[in-house]
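Residue numbers (our numbering), protein chains in the order written: chain B, 24 to 139; chain X, 19 to 132.
Think of the hints as simulated: they come from the structure by calculation, not from any bench.
Treat the hints loosely; a few may be bogus.
To be verified - Stretch by stretch, here's where chain X covers chain B in the computed footprint (C-beta under 8 Å, at least three residues):
{"no.": "1", "stretch": "65-75"}
{"no.": "2", "stretch": "89-98"}
{"no.": "3", "stretch": "118-127"}
Don't be surprised by glycine CBs; every beta carbon is placed ideally from N, CA and C.
Given next are the chains, with one letter for each unit.
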Amino acid sequence: EPEVTQTPSHQVTQMGQEVILRCVPISNHLYFYWYRQILGQKVEFLVSFYNNEISEKSEIFDDQFSVERPDGSNFTLKIRSTKLEDSAMYFCASRPGQGNGANVLTFGAGSRLTVL
Amino acid sequence: AQSVTQLGSHVSVSEGALVLLRCNYSSSVPPYLFWYVQYPNQGLQLLLKYTSAATLVKGINGFEAEFKKSETSFHLTKPSAHMSDAAEYFCAVIRSGGSYIPTFGRGTSLIVHP
């Protein structure tokens, strides 16, 4: 079964450092997403990406965050100047956008970010 | 704006007992509703979805959910819990006709006792 792959599974960083979380979506999917879940809280939408540009973003997704699809397979989330409150599980997801299951998101296992 | 509320951050049942995980939604238009499950160290996996067809939706692993518009609910049930059902369960809503961005609840942790 095709899956969304995320790396690293866990990253520990010092406050103020930059981190890049990587995702490989399912190959024929057209829409990509990042969500995050702070421990004990809701899974929150950050950003959606289609046709090489951001299609929607939440108020959480400020100038500290950026996304990129540097090649045909990777989809990255960059967090600049990390803060303690950025500690969370970050989920990548993708969906086909057409055909059967067009609107069903497939999620990766998540990347746990710990900011010290 | 749409939202979901999952009542109870933890639900504990005995193996073989009925599982009931509650989800209430708010949406200004008919919604699409989903239940996802997350097993330890894995991603969110789709259990089932409601997209305005049958109100009783059957999913994987013996789970089902019933869409009740009058109660704005989409509770998840399974007649007989199995130890392997222990996981985190998330309800999510998408506003039909809008952007396909699910809004998730806080999640409910299902604990199954032998």
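Each hint, compared with the structure:
1. 65-75: Answer holds; 5 residues pass the 8 Å Cβ test.
2. 89-98: violated (count 0)
3. 118-127: With 3 residues close enough to chain X, the hint holds.
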